[in-house]
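Trainee: Chain by chain, the residues run as shown.
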Amino acid sequence: MRTRPKILLVDDDQDLLDLYQEILSQLPSQPEISTSVTGARAMAMLEVEPFTLLVCDLNMPKMDGLQVLSIVRRKYPELRTVVLTSVMDEQFRSRVYSLGVDLFWQKPGSGEEIKQFLDCIESLLGREAQSGFRGVQSKSLVDIIQLECISHNSLVLKITNGTLTGRIWLHNGEVIDAATAELAGEPAFHKILSWRSGNFESLPAEPDHARTIYNSYQGLLLETAQAQDEAQGQSNLAANAKTNAAPSGETGPPTPLTPLCRFEGVEFVLALKPGTEKAFESRGLENPQPMADWSRQSLELYRSLGERMKAGPLQQLECRGPQRHLALAQHQELDFCIGWEHEMSTEKIREAMKKALALWVS
Amino acid sequence: MGLLNIFAKPPAKLVRLPSGSFTVDKDGRVLVSTLPQAFPKEMVQDIATHVLSAFRSAQEAQIPVTEFIVRYSSLKLTARELRGGAIIFLVPQTFTTTAP
Chain A
1 MRTRPKILLV
11 DDDQDLLDLY
21 QEILSQLPSQ
31 PEISTSVTGA
41 RAMAMLEVEP
51 FTLLVCDLNM
61 PKMDGLQVLS
71 IVRRKYPELR
81 TVVLTSVMDE
91 QFRSRVYSLG
101 VDLFWQKPGS
111 GEEIKQFLDC
121 IESLLGREAQ
131 SGFRGVQSKS
141 LVDIIQLECI
151 SHNSLVLKIT
161 NGTLTGRIWL
171 HNGEVIDAAT
181 AELAGEPAFH
191 KILSWRSGNF
201 ESLPAEPDHA
211 RTIYNSYQGL
221 LLETAQAQDE
231 AQGQSNLAAN
241 AKTNAAPSGE
251 TGPPTPLTPL
261 CRFEGVEFVL
271 ALKPGTEKAF
281 ESRGLENPQP
291 MADWSRQSLE
301 LYRSLGERMK
311 AGPLQQLECR
321 GPQRHLALAQ
331 HQELDFCIGW
341 EHEMSTEKIR
351 EAMKKALALW
361 VS
Chain B
1 MGLLNIFAKP
11 PAKLVRLPSG
21 SFTVDKDGRV
31 LVSTLPQAFP
41 KEMVQDIATH
51 VLSAFRSAQE
61 AQIPVTEFIV
71 RYSSLKLTAR
81 ELRGGAIIFL
91 VPQTFTTTAP
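Going line by line, the protein sequences match chains A and B.
With my numbering, letter number 325 in the first sequence gets 325, and the count goes up by one each step, no holes.
With my numbering, letter number 3 in the second sequence gets 3, and the count goes up by one each step, no holes.
Calculated from the structure, these hints are not laboratory results.
One or more hints might be untrue.
[Claimed, not checked] Each pair of labels, with its calculated beta carbon distance range:
#, chain 1, residue 1, chain 2, residue 2, range
1, A, Leu222, B, Thr66, 51 to 59 Å
2, B, Arg83, A, Thr346, 18 to 26 Å
3, A, Lys355, B, Gln37, 39 to 47 Å
4, A, Gly126, B, Pro64, 54 to 62 Å
[Said to hold, decoys possible] The calculated lysine-lysine pairs, modelled on DSS-like cross-linking and capped at a C-alpha distance of 27 Å, are:
#, chain 1, residue 1, chain 2, residue 2
5, A, Lys354, A, Lys158
6, B, Lys41, B, Lys13
7, A, Lys354, A, Lys273
8, A, Lys355, A, Lys191
9, A, Lys191, A, Lys354
10, B, Lys13, A, Lys75
11, B, Lys13, A, Lys62
12, A, Lys278, A, Lys355
13, A, Lys355, A, Lys273
14, A, Lys62, B, Lys26
15, A, Lys273, A, Lys75
16, A, Lys107, B, Lys13
Every residue gets a Cβ at the ideal spot worked out from N, C-alpha and C, and that includes glycine.
Construct the complete structure from the given sequences, taking the supplied hints into account.
Mentor: Structural data, given as structure tokens:
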């Protein structure tokens with residue numbers, strides 16, 4: 001038997017809560033709806049029972065919507081969240097989305113808007129019902145494409161790998177096109193499949209999209225596997241050659257940080273692991289401990305400031321100094337501190353940091 | 001009738017992220033500010049305390065830092081060291097306007 005989804009509505013206006021409770025109860029999925037007039041009460045309710053969806057107002061006394069959402073996103077990352085507000089301000093919309101909220105909705109004012117709102121909520125609840133496949137960490141992109149092709153699905157797969165994005169168009173279980181920033185067709189398909197990790201998103205099918213790939217998906221996957229085997233063999237040879245001639249700043253055997261150290265302008269790389277044991281790895285620093293301690297302390301300091309200001313997650317911290325510049329950022333559960341040459345401009349460091357961390361991904 | 005106001009709900013107010021700058025001395029006192037008056041003074045003080053603390057910890061760790069550029073998803077904060085104090089610039093970031 002299918003369980004009914006649970007929605008928690010939070011708004012300081014009881015009349016509005018009653019109205020939305022009535023409207024949402026008409027959804028085809030027949031959700032169970034609970035209400036709360038304060039953010040604090042909503043937090044208490046979330047502690048007690050699991051909900052599928054939280055619909056929250058922004059402008060509330062004492063604990064405003066931004067405070068509620070920043071706590072909810074951290075404590076209940078699986079919970080779908082929607083902001084329903086009369087505040088129409090680009091800054092608040094950006095801040096809400098930067099917190100990871102699924103939808104930002106202006107309080108509907110007409111029958112048509114209410115219908116659209118209900119469609120969106122139903123769609124979110126529907127996605128939640130199918131979420132057994134959310135986060136397919138143990139599946140490779142090859143597995144995903146095979147699954148989609150065997151099921152004769154039509155869709156667009158959007159794949160993100162760090163700063164790189166690619167799309168693969170599937171129509172009735174056949175790969176019809178692929179594209180990355182620079183490539184199209186089969187070369188783009190092979191390029192996307194060479195990415196070892198990342199995220200993917202299934203977008204609606206585009207049946208009118210022009211076909212450029214006529215090879216079968218089995219043929220495409222076989223060619224990709226062959227190309228990857230050849231590339232692996234060549235990179236092993238190259239790695240052996242580079243290890244024999246390591247740069248002067250590097251000591252010891254190559255580690256996963258070694259490719260980042262070879263990036264132009266990098267003086268050192270420090271990767272800080274989360275956890276109380278305060279473990280880290282470094283390349284290019286003779287005495288990394290003080291730098292590691294300071295990096296942790298600074299990131300913690302500015303993260304706490306960001307939370308207090310409700311300015312969204314800390315994306316990057318750049319520190320300019322007379323000897324060298326430092327850039328600190330989180331990437332894949334690790335905090336990185338990279339030392340850059342003094343001659344580099346802030347903008348150049350920002351771009352280089354993105355590329356260096358993308359290198360870590362792939 | 002005024003008695004009923006006692007039971008009225010407290011006014012709800014969302015705080016916009018400010019655009020402007022301010023300077024603080026080495027003791028964290030705000031000297032000059034171009035921030036909107038609506039932005040809470042306690043928050044300004046909080047930012048000043050955090051920034052001065054970051055400069056001090058860098059000094060203690062013997063890591064020479066003269067400027068911090070802190071990029072949050074909705075705000076860019078730039079803090080320059082100024083004779084023990086700091087000048088701090090705040091620029092909100094939105095999807096349509098992103099400061100360099």
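Trainee: For each hint, tell me whether it holds in the structure or not.
Mentor: Against the structure, the hints:
no. : hint                             : in the structure
1   : A:Leu222 <-> B:Thr66: 51 to 59 Å : holds (56 Å)
2   : B:Arg83 <-> A:Thr346: 18 to 26 Å : holds (22 Å)
3   : A:Lys355 <-> B:Gln37: 39 to 47 Å : holds (42 Å)
4   : A:Gly126 <-> B:Pro64: 54 to 62 Å : holds (55 Å)
5   : A:Lys354 <-> A:Lys158            : holds (20 Å)
6   : B:Lys41 <-> B:Lys13              : holds (15 Å)
7   : A:Lys354 <-> A:Lys273            : holds (19 Å)
8   : A:Lys355 <-> A:Lys191            : holds (17 Å)
9   : A:Lys191 <-> A:Lys354            : holds (19 Å)
10  : B:Lys13 <-> A:Lys75              : holds (25 Å)
11  : B:Lys13 <-> A:Lys62              : holds (9 Å)
12  : A:Lys278 <-> A:Lys355            : holds (26 Å)
13  : A:Lys355 <-> A:Lys273            : holds (21 Å)
14  : A:Lys62 <-> B:Lys26              : violated (33 Å)
15  : A:Lys273 <-> A:Lys75             : holds (21 Å)
16  : A:Lys107 <-> B:Lys13             : holds (17 Å)
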